[in-house]
Amino acid sequence: MGKKLLEVRDLKTHLFTRRGVIKAVDGVSFSVDKNETLGLVGESGCGKTITCLSILKLLPNPVGQIVGGKIIFDNVDLLSKSEKEMRKIRGRRISMILQDPMTSLDPLFTIGEQIAEPIRSHQNLERTNLRKKIIEMLKLVKISAPEARIKEYPFQMSGGMRQRIVGAIALSCQPDLLIADEPTTALDVTIQAQFMRLLKEIQQEFNMAMIMITHDFGIVAKVCDRVAVMYSGKIVESAGVRDLFNHPLHPYTKALMGALPKMEEDMEKLTTIDGQPPDLGHLPPGCNFAARCPEVKEICRCDSPILSEINDGHVVSCLRVQ
Amino acid sequence: MQRYILKRIFLAFVTIYLVTTLVFFLARITGDPMDLIMSAESTQKDWDMMRHQLGLDKPIYLQYTDFIAGVFIGNFGNSLRWDKPCLSLILVHLPATLQLTICALLFSWVFGISIGTLSAMRPNGLMDRFGKIFAMLGQSMPIFWVGILLILTFAVRWQIFPTSGRGGLLNLVLPSITLGWYTMASMTRMTRSSMLDVLDMEFIKMTRIKGLSEVLVICKHAFKNAMIPILTLGSLQVGILLGGSVITETIFSWPGMGRLMVQSVFSRDFPLIQACVIITSTIFITINLLVDITYGYIDPRIRYQ
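So the sequences go chain by chain: U and Z.
Each step along the first sequence adds one to the number in the numbering used here, with nothing skipped, and position 127 is 293.
Each step along the second sequence adds one to the number in the numbering used here, with nothing skipped, and position 292 is 296.
Rather than coming from a laboratory, the hints here were simulated on the basis of the structure.
Be aware that a few hints might be false.
[What the hints assert, rightly or not] Below, simulated DSS-like cross-link-like pairs (lysine-lysine); rule was C-alpha separation at most 27 angstroms, straight line: (1) K209/Z with K250/U; (2) K254/U with K228/Z; (3) K223/U with K62/Z.
Values in this document were obtained by computation on a predicted structure and should not be read as measured data.
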C-alpha cells in the first residue's frame, strides 16, 4: 500500500433543518491511499454523499455544516482552507462525478465549453491548445468523432455518453482523487460495466485514487481495493475487499450481502433487511442497527459500539464481535 | 432556426391583423361619434352632411375595407376630434411614451433582476427579507398612490425633482419609478423563484465541483438557465407599460400616448383609437417576436426543434 492521500478523521457533518438537527455524518473516519479505490457502501440516506460533499466543502448552504473532525488531503487540513483556496483544489486535485448524467450537464452550453471551463480556470492554455486538450479528453472517455461532438449540446446525447462527458469534465485536470457518487445508477446495465471499465483504465493511466460511492456489491467486487460500509451516518465496518467478502463481521454487512440475489440459487423472493433505517434526527441510545439486527443482544440497546481493529486492516463497530 | 423565425414573423402579422379588425368593430359598439360632434341645435340636414363628410354613412363593410386599404399604405385617416391625420398626432405623443416606458423598464429590470438574484443566492438572508418586503409593497401599492407619495416627498418636501411635465433627465426620474414600481416587484419575484429553481439543479453543483468562481456559476450558468421565464415576463411587461401608462401620465402631466388613447376613446374618435391600438400593438408584437427569437439563441433545444 502506498502513501496516504486523504485521511478523514472523526468527521461530523450535521444538517440544520427546520425539523431539527440531523446528524448525517456522525464521526466518520477513513483514509484513501494513492492509486487506491475505496468503496463506500450503504443504503440510501446513510450519509455517503454528504461525506463526500464535505470533503469538497460543497454542502448545501447554510443547512449543512461540518461541526467536527479533520479532512487531511495531501498533508493539509482542508477544513482550515478558505473558499478561494478550496476552489483551486476542486476540479484540479479532487473531482467528482455525480449520480445522474441527465441533470449534471448544463443544457444550454456545448459540451466543448463545459469541458473547457475547469481547464481554463486551473491551467493557462491558449485557444488552440485548449481545443486540443478538449479533444484529447473526449478521446480518453472514448467519444467517437470528438471534433464534431465538441459543438454539440447535452440533449443530443445518450445517457451513457453524457456520463462519459461528465467523466471527461471531472478528469480534465488530472485530479489526484476522483469521487464517483453512484456513477452508474442511472445507466442501464450494459453501459454500467462499460463505464466502470473505462474509469478503472483511466485510474491506472493517471495514477489516481478513487472513492466509489455505491450500493452495488457487484461494483465493489470489480473495482474496489478496500470497502467501508456506512450505516446511519457511521462507518460500521471497513476492510480489504477480499477480506470483507470472505469474512463479513458486522451483521449489517452480512445482511447487505445476503440481500444480493445469487445466480446459482433458485430464489422465489429477494432477501431484505427488515425495518427502516433510524431517523437521524432522533437516534435511539445504543447501536444504531440494534432495532433491525438479527443477532442483537441486550447490551446493544444501551451501549454504543466503537470502531476497533479485529485483524490487520479489518475494523468493525459491533459489541457482539468485540 | 430559420423556419422558426419565419413562422414567428408570419404569426406576428396574423396577430396584428386580428387586433386591427377587433378594434375596428369594438370601437363601433361604444356608440355613435356624431352624438358628441354635433351640437344640440343642428338639423337633420347638418347631420347627414357631417355623416357623409366623415364617411360614416357608408355600410360598415365598406368602412372596414377602406380602413384596411388605408392601413396598408400607412394612411390611418383623420382624427374626428382634432381633424388632423392620426399618424401625425401619434408621432407627436409616441416619443414621450417610449422614453418613459424604456426608462421605467430599465429601472424595474435592473433592480428587479439584481434584487431577485441576490435574494435567491441566500434564501432567508438579509437581502431576501428586504426583497420580500420590497416586492410586497410593489405589488400592493396602487400606482397613483406611489406617484403622489413620490411627488410629495421628492418634489414638494425635498425639491430634488420637478413635480410634473416633460423636460430634462430630472423630469424622467419620478414618473419612471412610479411606472416601473409594480413591474419591478413582479420581476423581483420571478427572478428569485426562477433562480432558486436553477440553483437547486445538479449541473450547478457540477460547476462548483469544477472549481469555477461564484461569479461564473451565478452569472453564466444559473442566470442563463433562469432567463427564459424572466424574458417572458419582461416582454409582457413591455405591453403593460406601453398601454398602462395612462395613470402615470395623468399624475405627472406627461404628454404621452396613454392620455391620447383615453381621450380618443371618450370622444369615440374611431380613426384615432384604431391608429393608437395598431401602433402600440405593433410595437408590443414586435418585441414579443424579438423575445421569441431570443429564446432560440438562449436554448439550443428550441433552436434545433
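- Is K223/U within 27 angstroms of K62/Z, Cα to Cα? Given that 27 angstroms is the threshold and the Cα spacing comes to 79 angstroms, the pair is violated.
- Task: Mind checking the alpha carbons of K254/U and K228/Z for me, to see if they're no more than 27 angstroms apart?
- Result: holds, 25 angstroms
- Item | K209/Z paired with K250/U [C-alpha distance capped at 27 angstroms] | holds, 16 angstroms
Comparing the model with each numbered hint stated earlier shows that hint 3 is the single one that does not hold.
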